[in-house]
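2 protein chains.
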Amino acid sequence: MSDAPVPSRPATAAETDPETLGWMKGFPPAPDNRVQFHDDSFRNFPELRWAWSNVRALVPTVNVWRGAGGASVLPRAERDIGGSQSITMDGRPMTFAEMCAETYADGIAVVHKGKLIHERYFGALKPHKPHIGMSVTKSFTGTLAAMLVAEGKIDPQAPVSDHVPELKDSAFGDARVHEVMDMTTGLKYTEVYTDQNSDVWSLRRANGMAPIPPDYQGATDIFALLCRQEKQGEHGRAFAYKTVNTDVLAFICRRASGMALSDLLAERIWAPMGAEEDAHYHVDRIGTESGGGGLSTTLRDLARFGETMRNHGYFNGRQIVPASVAAEIERGADPAKFKPAGYTTLPGGSYKSQWWITHNEHGAYMARGVYGQGLYIDPKAEMVIARYASHPVAGNAANDPVTLPAYMALAKQLIADG
Amino acid sequence: MSDAPVPSRPATAAETDPETLGWMKGFPPAPDNRVQFHDDSFRNFPELRWAWSNVRALVPTVNVWRGAGGASVLPRAERDIGGSQSITMDGRPMTFAEMCAETYADGIAVVHKGKLIHERYFGALKPHKPHIGMSVTKSFTGTLAAMLVAEGKIDPQAPVSDHVPELKDSAFGDARVHEVMDMTTGLKYTEVYTDQNSDVWSLRRANGMAPIPPDYQGATDIFALLCRQEKQGEHGRAFAYKTVNTDVLAFICRRASGMALSDLLAERIWAPMGAEEDAHYHVDRIGTESGGGGLSTTLRDLARFGETMRNHGYFNGRQIVPASVAAEIERGADPAKFKPAGYTTLPGGSYKSQWWITHNEHGAYMARGVYGQGLYIDPKAEMVIARYASHPVAGNAANDPVTLPAYMALAKQLIADG
Numbered sequence: 001m002s003d004a005p006v007p008s009r010p011a012t013a014a015e016t017d018p019e020t021l022g023w024m025k026g027f028p029p030a031p032d033n034r035v036q037f038h039d040d041s042f043r044n045f046p047e048l049r050w051a052w053s054n055v056r057a058l059v060p061t062v063n064v065w066r067g068a069g070g071a072s073v074l075p076r077a078e079r080d081i082g083g084s085q086s087i088t089m090d091g092r093p094m095t096f097a098e099m100c101a102e103t104y105a106d107g108i109a110v111v112h113k114g115k116l117i118h119e120r121y122f123g124a125l126k127p128h129k130p131h132i133g134m135s136v137t138k139s140f141t142g143t144l145a146a147m148l149v150a151e152g153k154i155d156p157q158a159p160v161s162d163h164v165p166e167l168k169d170s171a172f173g174d175a176r177v178h179e180v181m182d183m184t185t186g187l188k189y190t191e192v193y194t195d196q197n198s199d200v201w202s203l204r205r206a207n208g209m210a211p212i213p214p215d216y217q218g219a220t221d222i223f224a225l226l227c228r229q230e231k232q233g234e235h236g237r238a239f240a241y242k243t244v245n246t247d248v249l250a251f252i253c254r255r256a257s258g259m260a261l262s263d264l265l266a267e268r269i270w271a272p273m274g275a276e277e278d279a280h281y282h283v284d285r286i287g288t289e290s291g292g293g294g295l296s297t298t299l300r301d302l303a304r305f306g307e308t309m310r311n312h313g314y315f316n317g318r319q320i321v322p323a324s325v326a327a328e329i330e331r332g333a334d335p336a337k338f339k340p341a342g343y344t345t346l347p348g349g350s351y352k353s354q355w356w357i358t359h360n361e362h363g364a365y366m367a368r369g370v371y372g373q374g375l376y377i378d379p380k381a382e383m384v385i386a387r388y389a390s391h392p393v394a395g396n397a398a399n400d401p402v403t404l405p406a407y408m409a410l411a412k413q414l415i416a417d418g
Numbered sequence: 001m002s003d004a005p006v007p008s009r010p011a012t013a014a015e016t017d018p019e020t021l022g023w024m025k026g027f028p029p030a031p032d033n034r035v036q037f038h039d040d041s042f043r044n045f046p047e048l049r050w051a052w053s054n055v056r057a058l059v060p061t062v063n064v065w066r067g068a069g070g071a072s073v074l075p076r077a078e079r080d081i082g083g084s085q086s087i088t089m090d091g092r093p094m095t096f097a098e099m100c101a102e103t104y105a106d107g108i109a110v111v112h113k114g115k116l117i118h119e120r121y122f123g124a125l126k127p128h129k130p131h132i133g134m135s136v137t138k139s140f141t142g143t144l145a146a147m148l149v150a151e152g153k154i155d156p157q158a159p160v161s162d163h164v165p166e167l168k169d170s171a172f173g174d175a176r177v178h179e180v181m182d183m184t185t186g187l188k189y190t191e192v193y194t195d196q197n198s199d200v201w202s203l204r205r206a207n208g209m210a211p212i213p214p215d216y217q218g219a220t221d222i223f224a225l226l227c228r229q230e231k232q233g234e235h236g237r238a239f240a241y242k243t244v245n246t247d248v249l250a251f252i253c254r255r256a257s258g259m260a261l262s263d264l265l266a267e268r269i270w271a272p273m274g275a276e277e278d279a280h281y282h283v284d285r286i287g288t289e290s291g292g293g294g295l296s297t298t299l300r301d302l303a304r305f306g307e308t309m310r311n312h313g314y315f316n317g318r319q320i321v322p323a324s325v326a327a328e329i330e331r332g333a334d335p336a337k338f339k340p341a342g343y344t345t346l347p348g349g350s351y352k353s354q355w356w357i358t359h360n361e362h363g364a365y366m367a368r369g370v371y372g373q374g375l376y377i378d379p380k381a382e383m384v385i386a387r388y389a390s391h392p393v394a395g396n397a398a399n400d401p402v403t404l405p406a407y408m409a410l411a412k413q414l415i416a417d418g
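Keeping their order, the protein sequence lines are chains A and B.
All residue numbers for the first sequence refer to the working numbering, where the first residue is 1 and numbers rise by one.
All residue numbers for the second sequence refer to the working numbering, where the first residue is 1 and numbers rise by one.
Extracted from the complex, chain A is given alone in its bound form (with noise of 0.2 angstroms):
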């Protein structure tokens, strides 16, 4: 998620298609078309074009159970849309499908006034196969918390103390609760993929998305890292994108509730809104969900998310989401303490309750995630836009200036068509 700059091109989609190039094809697969986890190598590219739609068959995982009723009906009415044409903040024009080639997109659903107009696959995902939607996931924590916010189970001006004690000795010792929500806590803790000593790859070491080596020394588990996180500046000042804050918020919504993260997320959302499929979170050694970034869904249950959203909260006929939660994340946070971040892609904007919120002038805003992951909801277009990729760059720099003016042209153009 950090704005390092992108390389020169790698293989195209095309050329990577896990499917064309036949990784993990064939009983067993031959040496070198495997995709494993021991040896790190399943987050290399093109590698990760296989990994992300199956992070179940590399590490452990908890399910989010759909519930014992059907999925919920999503109308289809298909558009072509494809040769919807916009111009990349570089100034190429471009259509819909090429954008989607561009960004290595796995899987593309588009709704529109509740109608799934345009749904296609690539790659190694397919409709009824869960993809991973790295930091999509951070904005499902962020409703929950909100939500047990509303139910007043979860103070936002208290102390993160209040909620975890064993937290008293760290960086998070005197931080509040919305700053740890709304990620404006002081911390030593760096985020940039492109960099092998950075912190995110301790944390995902601790989160069990990376091997742990031998006689590996760091934490081992995330509450183990959160724990040691140290604070560098002053809470409440800017907005800085760091995943642990969001793993203390899933902490935070574990001891408010009493419950693990994936039943919370299936009791509150998962069934309520008529999932298709199970989702699953990653787990770390000790069976701790990755609140930050290990869910994986099917793309139309993120789509069902989208549109839940999209009616303030309700959707498959039931208010799911409490109306007031939905427009606060929508109504989103101040800009001020989101600039000094330096998104370049996304100005004016701000983070509220783990949501990217654009203030573009159709009031998009988004749930994002690294290698391209996105779900985007524009209330003006009454459009979602759920996306699951397979980008080589993990910054979503790499895709904001394609993806973002591919939307919004498409959502002018769902309005003035009506």
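Hints may contain errors.
Given that identical chains are not distinguished, each listed pair holds provided it fits within a single copy or across any two copies.
[Unchecked claim] Mimicking DSBU-like on lysine-lysine, the simulated pairs with C-alpha atoms at most 35 angstroms apart in a straight line are:
hint: 1; residue 1: K337; residue 2: K153
hint: 2; residue 1: K25; residue 2: K188
hint: 3; residue 1: K380; residue 2: K412
hint: 4; residue 1: K25; residue 2: K337
hint: 5; residue 1: K153; residue 2: K25
hint: 6; residue 1: K168; residue 2: K25
hint: 7; residue 1: K380; residue 2: K153
hint: 8; residue 1: K113; residue 2: K412
hint: 9; residue 1: K168; residue 2: K380
hint: 10; residue 1: K153; residue 2: K126
hint: 11; residue 1: K231; residue 2: K25
hint: 12; residue 1: K231; residue 2: K113
hint: 13; residue 1: K168; residue 2: K113
I should point out that these hints are in silico values taken from the structure, not numbers from a laboratory.
Using the hints provided, position chain B relative to the given structure of chain A.
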């Protein structure tokens, strides 16, 4: 599955209930309450009482998709059978409910004439949660193989190496497919759970169910282990229970169908049967399902499969398994080849296509797995019993003296009561 002597009685089911003891409770669980994979502690008793209901949270897995259709109806007609009386093989009177507790049942479901008359959950199991079937898995592999034989895709008389040429120099090089299916191969491989030097532990390291030490020289995937198997004795002479046969059979199924075992099971059985939940296999480092012991299902879905077999392959309004395949399994194999193996609790039994045939007065046959897993099909009583457990002793010799008389007594009562 060995006939090793049963040690003196460990703590009871009530004393080791994972819910009561708080295994993996808390966020995060306290150090004393953790069940972990990397240190191999998960397979100790009583940790395994939590682990067998939560395999997916410990190791990588692949889904067996239930399909987009709804679950098949399993009508309920609750009957009070908990007090059903039997006499154990060592002469103790016992009720059905006492049998469940004494054999550490995690769940038991009894279907009579197509109706679910009794369903109970204990320990860490829940109706919607899959529990590992251990070697119950084999009967699924064997049934799929027999289906492919019926379709002419597998030749039971062909050498194994016709289907899997890489096995030519292994013990399986001069074995026939039917010898692998019925486990009459002559192999050096040993399967003694109480002996840490037994080959079964090499298999478990290879198939992903035991941690691999840093400098391990053994096979680190299932296929590599199969290729290393050495012959001992003659093929075709006698039954000898060795899981590597099933893993070879699973590869024969994959090569003959062109499908992963998980996809084959989903397409041929799980979806047509109208399973309620996805099942899953644990996989090795290169994505190969453990066809010999890695399948986890819900209890009710296991019962559905039992009903499918009892109804000669017909269930959910369709012929799922060819009637000829079901009949051949029910008929069994030559008890003379089974007798030398010395299963004292199964006198006169046989082993056919990875199923255990009792040849008792009701013609009952079974899928069986270590630590007390089982699917018991009694054609005469029109009764199916699905059972998952977490017994402290691996071998079924610890269950059979109690469970088998209880099953027969219940069957006779159901016949008498009509």
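Hint numbers not upheld by this structure, sorted from lowest to highest: 4, 9, 12, 13
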